[in-house]
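There are 2 protein chains.
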Amino acid sequence: MLKDLWKRRLDLVEEKLVAELRENEALNETLCSAMKYSLMAGGKRLRPVLLMAAADAVGAEGDAYVTTGCAIEMIHTYSLIHDDLPSMDNDDYRRGKPTNHKVYGDGIAVLAGDALLTMAFEVMLRQKGATPEQLVAIVREMSTAAGSNGMVGGQVIDLESEGKKIDLQELRKMHMAKTGALFRAAIRSGAILGGATEAQLAALTTYADKFGLAFQITDDILDVTGNEETIGKPVGSDERNHKSTYVTLTSLPEARKMALDTIEEAIDALEEFGDEADFLRDLAGYLMERNK
Amino acid sequence: MLKDLWKRRLDLVEEKLVAELRENEALNETLCSAMKYSLMAGGKRLRPVLLMAAADAVGAEGDAYVTTGCAIEMIHTYSLIHDDLPSMDNDDYRRGKPTNHKVYGDGIAVLAGDALLTMAFEVMLRQKGATPEQLVAIVREMSTAAGSNGMVGGQVIDLESEGKKIDLQELRKMHMAKTGALFRAAIRSGAILGGATEAQLAALTTYADKFGLAFQITDDILDVTGNEETIGKPVGSDERNHKSTYVTLTSLPEARKMALDTIEEAIDALEEFGDEADFLRDLAGYLMERNK
Numbered sequence: 008m009l010k011d012l013w014k015r016r017l018d019l020v021e022e023k024l025v026a027e028l029r030e031n032e033a034l035n036e037t038l039c040s041a042m043k044y045s046l047m048a049g050g051k052r053l054r055p056v057l058l059m060a061a062a063d064a065v066g067a068e069g070d071a072y073v074t075t076g077c078a079i080e081m082i083h084t085y086s087l088i089h090d091d092l093p094s095m096d097n098d099d100y101r102r103g104k105p106t107n108h109k110v111y112g113d114g115i116a117v118l119a120g121d122a123l124l125t126m127a128f129e130v131m132l133r134q135k136g137a138t139p140e141q142l143v144a145i146v147r148e149m150s151t152a153a154g155s156n157g158m159v160g161g162q163v164i165d166l167e168s169e170g171k172k173i174d175l176q177e178l179r180k181m182h183m184a185k186t187g188a189l190f191r192a193a194i195r196s197g198a199i200l201g202g203a204t205e206a207q208l209a210a211l212t213t214y215a216d217k218f219g220l221a222f223q224i225t226d227d228i229l230d231v232t233g234n235e236e237t238i239g240k241p242v243g244s245d246e247r248n249h250k251s252t253y254v255t256l257t258s259l260p261e262a263r264k265m266a267l268d269t270i271e272e273a274i275d276a277l278e279e280f281g282d283e284a285d286f287l288r289d290l291a292g293y294l295m296e297r298n299k
Numbered sequence: 008m009l010k011d012l013w014k015r016r017l018d019l020v021e022e023k024l025v026a027e028l029r030e031n032e033a034l035n036e037t038l039c040s041a042m043k044y045s046l047m048a049g050g051k052r053l054r055p056v057l058l059m060a061a062a063d064a065v066g067a068e069g070d071a072y073v074t075t076g077c078a079i080e081m082i083h084t085y086s087l088i089h090d091d092l093p094s095m096d097n098d099d100y101r102r103g104k105p106t107n108h109k110v111y112g113d114g115i116a117v118l119a120g121d122a123l124l125t126m127a128f129e130v131m132l133r134q135k136g137a138t139p140e141q142l143v144a145i146v147r148e149m150s151t152a153a154g155s156n157g158m159v160g161g162q163v164i165d166l167e168s169e170g171k172k173i174d175l176q177e178l179r180k181m182h183m184a185k186t187g188a189l190f191r192a193a194i195r196s197g198a199i200l201g202g203a204t205e206a207q208l209a210a211l212t213t214y215a216d217k218f219g220l221a222f223q224i225t226d227d228i229l230d231v232t233g234n235e236e237t238i239g240k241p242v243g244s245d246e247r248n249h250k251s252t253y254v255t256l257t258s259l260p261e262a263r264k265m266a267l268d269t270i271e272e273a274i275d276a277l278e279e280f281g282d283e284a285d286f287l288r289d290l291a292g293y294l295m296e297r298n299k
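Chains as they are written, first to last, in my numbering: chain X, 8 to 299; chain Y, 8 to 299.
In short, the hints are calculated from the structure, not lab data.
Treat the hints with care, as some may be off.
It does not matter which identical chain is meant; a pair holds if it fits inside one copy or across any two.
Said to hold, decoys possible - Below are the DSS-like pairs computed for lysine-lysine, each with C-alpha atoms no more than 30 Å apart in a straight line:
id: 1; residue 1: K109; residue 2: K250
id: 2; residue 1: K171; residue 2: K43
id: 3; residue 1: K109; residue 2: K171
id: 4; residue 1: K104; residue 2: K135
id: 5; residue 1: K264; residue 2: K104
id: 6; residue 1: K180; residue 2: K43
id: 7; residue 1: K299; residue 2: K172
id: 8; residue 1: K264; residue 2: K43
id: 9; residue 1: K43; residue 2: K172
id: 10; residue 1: K135; residue 2: K172
id: 11; residue 1: K135; residue 2: K250
id: 12; residue 1: K14; residue 2: K172
All chains, full assembly: derive it from the sequences and hints.
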């Protein structure tokens, strides 16, 4: 079930992203091309898929919220473009392709990221079947998650901890902001759009935080055990760069155990839900098996 | 009247910006400091003041919308930080102070800009006395104005036309996007919050577009006639950089005439308004006398 539904929704997202890019056709060709280059570079579309699965879980039809899913994918993509810049992580490859600034230059890469972040807010307002109250709530979720106390704040901590050894608690705080907040926004936005009750929203928020943590631990594991071609970037880079990760701060078996426990906690958070939440359960389970 | 009211509202904006920064206290000190450095570097606060004046014009109390005014000032500040980067205009000074990346480095400057743009959307949702419909409308105005068909798109055209001679029509198109769109969003947002009718909104949009054009022409004039200390950056830089401007493409007297005519058109657009629109009229008139 997992793979079929994921693939179907991934296709839905791809299709909608192309449509939204066309709708927003920028007044400048270079900018258009740079935005499209990174936005359509593949990827698992995990955040939109989580958003739709959260809507399912509260009894709505997840497919209906693909527009907001695309908006969050734009925020995710912008963050990758900026993180890859020479003044930050200085990465030359992403998903097996040269990074945005390698193709378009640093200036255009900054601006393509800026434009994608801004476009996300335009696009989420185009979500059909949402009340103005729901739209306001989603804009709030996304802006809080992406901002100085979320994604951007986490990236600053990451930059500042380069070459320094940080402890498990700091590592957790950094990732909670850098990647966790956006998973939380995806899941909470899907729940809000689907009409979640307060109790459902609280349970799904717990699921989201556990999911985000497990995602990061398995990401660190993949950097050691992954296949370079499959993940599209060099493996072992964390160790080479003396980066603190869940693996380097503990050990591979310990990190695996931590990931398993966290996935279990994520699934446990869904106990009040029926089989409408099966896709969310499967998505948590997938984290242990993922190879990219 | 102009100076007193402007000064009073400028103080209101400064105070509110400090409060909003405190409210959003970033989880990282460096980021906080970099955001504050540029946001509190002075400036005329022209966009918030225009927003409040537009609310006045439709019979509301402009002061009430200082929160949304602060949000637009954050968008404006983020754009200055990114435009100043070495990969773009490579400017070392802004308002008489070293630019953000000169103080904090390129990476943090990119992130401080990102955080301010994102925070703007958080802050505008905190506007009191606005309906969810109005909040959605404002988010739409701001995201459209700041995005790939507005400010960011204009900056890309600006980057690409460096060293090239462009004609008056292209220059206008570039500025309409790069600076005009945000003036338009400021004025339209103030009008929407103040409860403008469709006809009022249309008239104020015309005013906004004329204002934006006149602002740019007088900006180009200032680059030739301005005092370096007063404007806080080197004068004559446009000519040195072989930039096409309203002055270099015509002449100083012709640019002055064009500015005067455009200001008159801006004021004419307000003919259906009573003295509630006097502040907007004064603000248009000020463009001809400004020395920074």
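Tested hints:
{"no.": "1", "hint": "K109 x K250", "in the structure": "both (24 Å within a copy, 27 Å between copies)"}
{"no.": "2", "hint": "K171 x K43", "in the structure": "between (36 Å within a copy, 26 Å between copies)"}
{"no.": "3", "hint": "K109 x K171", "in the structure": "both (28 Å within a copy, 24 Å between copies)"}
{"no.": "4", "hint": "K104 x K135", "in the structure": "neither (34 Å within a copy, 46 Å between copies)"}
{"no.": "5", "hint": "K264 x K104", "in the structure": "neither (33 Å within a copy, 52 Å between copies)"}
{"no.": "6", "hint": "K180 x K43", "in the structure": "between (32 Å within a copy, 23 Å between copies)"}
{"no.": "7", "hint": "K299 x K172", "in the structure": "within (26 Å within a copy, 48 Å between copies)"}
{"no.": "8", "hint": "K264 x K43", "in the structure": "neither (39 Å within a copy, 42 Å between copies)"}
{"no.": "9", "hint": "K43 x K172", "in the structure": "between (37 Å within a copy, 28 Å between copies)"}
{"no.": "10", "hint": "K135 x K172", "in the structure": "neither (47 Å within a copy, 44 Å between copies)"}
{"no.": "11", "hint": "K135 x K250", "in the structure": "neither (43 Å within a copy, 44 Å between copies)"}
{"no.": "12", "hint": "K14 x K172", "in the structure": "neither (39 Å within a copy, 49 Å between copies)"}
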